[in-house]
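S.K.: Using the sequences provided together with the hints, build the complete structure.
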Amino acid sequence: MPLSFETNMRLKFPFMAISLQLSMIILFGFFVGYENDGNYVQQINATNQSEKSLELYPLFQDVHVMIFTGFGFLMTFLKKYGFSSVGINLMIAALGLQWGTFMQGILHHHKKFGIDIKSMINADFSTATVLISFGAVLGKTSPVQMLIMVILEISVFAANEYLVVEILEATDIGASMVIHAFGAYFGLAVAGVLYRPGLRRRRHDNEQSVYYSDLFAMIGTLFLWMFWPSFNSAIADAGDHQYRAIVNTYFSLAACVLFAFAFSSLVEHRGKLDMVHIQNATLAGGVAVGTCADMEIQPFGAMLIGSIAGIVSVLGFKFLTPVFATKLRIHDTCGVHNLHGLPGVIGGIASIVAVALGATNKTTMANQAAALGTSLGTAIVGGLLTGLILKIPIWGEPPDQNCYDDSVYWEVPEVEGYSHYFHEHDDHSQLQPEA
Amino acid sequence: MGSKYPKSLRISLPLWALILEIVFILVFFFFTSYEQPSEKSELLKTYPAFQDINVMLVLGLAFFKASLWRYTWSSVAFNLFSLAVGVQWAIILDGFLFNFSTRKFAINIHSIIKGTMSTMVVLISSGATLGKINLVQLIVMTLLEVTAFQGTKKLMQEFLKMYEYESLMQIHIFGAYFGVAAAWRLSESELNMAKEKERRAVASNLFTALGTLFLWIFWPTFNSVLLNSPGEKEIAIYNTYYALAVSAVTAMSFSAATHSNGKISMTHVHRATLAGGVAIGVSTIIIKSPWIAMVLGFSAGTIAVIGDKYLPRFFNQVIRLHDTCGVHATFGLPALLGRLIYILLIAGHNGWTNLSETGNKILISAGYLGLPMAMGLGGGVLTGLILSFNIWKSPHEAKYFDDQAFWEVRPSMNLL
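Protein sequence lines correspond, in order, to chains U and G.
For the first sequence, the working numbering begins at 1 and goes up steadily by one.
For the second sequence, the working numbering begins at 1001 and goes up steadily by one.
It is worth saying that the hints were derived from the structure and are not from the lab.
Mixed in with the good hints, there may be bad ones.
Okay, derived cross-link-like pairs now, DMTMM-like style, lysine to aspartate or glutamate, Cα gap no bigger than 20 Å in a straight line [said to hold, decoys possible]:
| no. | chain 1 | residue 1 | chain 2 | residue 2 |
| --- | --- | --- | --- | --- |
| 1 | U | K272 | U | D205 |
| 2 | U | K318 | U | E207 |
| 3 | U | K52 | G | E1042 |
| 4 | G | K1309 | U | E411 |
| 5 | G | K1045 | U | D116 |
| 6 | G | K1288 | U | E411 |
| 7 | U | K12 | U | E411 |
| 8 | G | K1288 | U | E207 |
| 9 | G | K1045 | U | E55 |
| 10 | G | K1288 | U | E51 |
Part of the chain G face toward chain U, derived, beta carbon under 8 Å [stated by the list, open to error]:
| no. | residue |
| --- | --- |
| 11 | P1048 |
| 12 | Y1238 |
| 13 | W1291 |
We put the CB at the ideal spot given by N, CA and C, even for glycine.
M.R.: What follows is the structure, given as structure tokens:
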């Protein structure tokens, strides 16, 4: 067995994860504090500030649900890869939110800083980039590789976000560009470097869904869909901007669902719906409306953006993904390019158009275009570099025949095949009274 | 017990449930009233938090217990049932024990939140007795346990001068030890017959992950909802958030480290990722920087994995105790750890200069730790004894962990 396929993680993974975790604790010890210490019941100002911060808490909870349940279950569609989708998703997000808090805080403050609910929301956002990229390489990597990707990707993300927000002064309230497009193209670049010709010859046995695994994935879709308005409005300025962000996202998503269903039926054989399209393309509207969510684009503008995103997303799944896998040698397991990449780019372009039409005066067309460009550029460069590091054959990635299989890294219940995927009540003999 | 055929609950269950519900309705009719709404905004401020708690208990804890492959229906449905019974009883007891000044006591959003949280002790304990008792026994257990917990709360507030917030944070310790003690009485005889049904399937594991995630996500609300000052609330949220994040990473690392092939166990992910939130419960407002919360989360994750890995063997063989959902490792051990750290923090806070005062505080904290644990264990043993009477038509051991004993199951559920 070549070194690279040494998948026993007993030493590698715990060592790496625990040392990263301990470094986080040390970094937090030196650089992160609380803005208040809870002892200021008398100080009116501080109490007001706390109350203001707590107003964001319900929005934070919604984002939290999206990150952990939404993204986690969205990826459970593979028949033998549910544990990794949900479990590794949790690990990535739990580590990523600590690293994200630290990176964003240190870039914006340059010294010891305090946290509030808003920085927790931003930390959750920063993990979303890694979760999106995780979708592109799903099933082909080891948990150790994911740990490395968390650290590298969030660093690049924080730098890009700083560039877009502080230096270019572009707006990207729902983060179509800095999170969705960034995460997708980062993931695609990594997947391109890690491309495995062995997986290409024929469709892998495990790279399929079964009835119930698709249903589990719908749990993720629905939670993402429900809470997307919170995602796009969580860090908007309170008042008008936040209100517009919620309304626009709501209508964009609604329009997107109809177009996703319609086009899924249109492109599939005999007009049947494809569950993959329903799971993913229905969300594209939320991604695409992100950047201009808080601008005065009117509900019909939002619906227009959502419709375009839905169409592009379904067409991408149908025609672009196969081309990517065969011609460009990029294998994108979850189709993140169609759910996050293309709609993210649409979001960026939509914001340029919206600025041209005078929907906001906070930014200029050039700034928005530059933001889109830097997001894509840093994502691809960062992704290629990360891919090269992940390609070093010491991280215990699974051999080709064991891809998309939980049992490489997880203790899986010993049932024969996957016929016991769901419990069966076929054994009625036990119910009979004893003779 | 002659037959293995599950005894019919046709008469006893409806009888018990209906009588109980009628009694509840009568008590509510005579003794409760709605509070005059003082400020509308006040309600709207607390309502999202109440929703979070409800999601945790109804969805989170229900699916958390859905890990047995033949027992998912019962896990989810019985959880809802005992919550519904428990909340009403808890609100009644709460009214009589704590707020009974005039002839009637008022119901407001806070009393509902407190009632729901008090009922959580039952939902935790029923994780230990999961699959071993029927619905009638569950009703009895719910009533007894809520009573015992409200009594303990009263004791803690009256004699130990604990704040209401602190006394409600004893939920985990009380619930876990009550459940373990009750399960001990129930599992005296051999449990080997049920091993087969105790298996976990892939899908049921994913359902459990769903439950765990909802508990994990909303835990900051749980730890902060009862605090009044916004500043304290904020700190409680931050501390819980970081402790949980760290315990998630730690749980997975130690899970791989303790497996001979370095594989991660989904069971550990279910149980140990929550340890940080449990452990930080009592001390969440006295921790003033994130790194302390993170260290606490780290140690809680570690202890939960190790407890889950090695203790059940000891439990099963030496004291013949069977804890179905591992509530001891999930809630019991981390809560104990949290208590110990609380004592350390109190000691550190007061400094070592004024030794007598510090010693005094430590003693009181030890009392805080001892009382709910003792009450939980005592109440649990008693309840277990009562539950093992024959009159409840308890299921035969061959029928443990099986939905078929309680549900109408159609022959071919297999859709694959």
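S.K.: Below or equal to 20 Å on CA atoms is what counts here, so check K1309 of chain G against E411 of chain U.
M.R.: Given pair K1309 of chain G, E411 of chain U holds - Cα atoms ~13 Å apart, limit 20 Å.
S.K.: Just to be careful, I want the Cα atoms of K1288 of chain G and E207 of chain U compared with a cutoff of 20 Å; is the pair within it?
M.R.: violated, 48 Å
S.K.: Take a quick look at whether K272 of chain U and D205 of chain U sit within 20 Å of each other, Cα to Cα.
M.R.: violated, 24 Å
S.K.: Was the hint right that Y1238 of chain G lines chain U, CB cutoff 8 Å?
M.R.: Since the shortest Cβ distance to chain U is 6 Å, the answer is holds.
S.K.: So if I understand the rule, the pair passes when the alpha-carbon distance is 20 Å or less; does K52 of chain U with E1042 of chain G pass?
M.R.: holds, 14 Å
S.K.: Next pair to validate is K12 of chain U with E411 of chain U; report whether the Cα-Cα distance is within 20 Å.
M.R.: holds, 17 Å
S.K.: Check the hint pairing K1288 of chain G with E51 of chain U against an upper bound of 20 Å on the C-alpha distance.
M.R.: Measuring from Cα to Cα gives roughly 19 Å; hence the hint holds.
S.K.: Assess, step by step, whether the Cα of K1045 of chain G is no farther than 20 Å from the Cα of E55 of chain U, and give holds or violated.
M.R.: Roughly 8 Å separates the two Cα atoms, so the pair holds.
S.K.: Are the Cα positions of K1288 of chain G and E411 of chain U separated by 20 Å at most?
M.R.: violated, 38 Å
S.K.: Grab the minimum C-beta distance from W1291 of chain G to chain U and call the hint holds if it beats 8 Å, violated otherwise.
M.R.: Hint on W1291 of chain G: holds, closest Cβ of chain U at ~4 Å, below 8 Å.
S.K.: For the pair we were handed, K1045 of chain G and D116 of chain U, check the Cα-Cα distance against 20 Å.
M.R.: Roughly 18 Å separates the two Cα atoms, so the pair holds.
S.K.: When you check the alpha-carbon spacing of K318 of chain U and E207 of chain U, does it fall within 20 Å?
M.R.: The given pair, whose Cα atoms are some 17 Å apart, holds under the 20 Å limit.
In this structure, the earlier hints numbered 1, 6 and 8 are contradicted, and the remaining ones agree with it.
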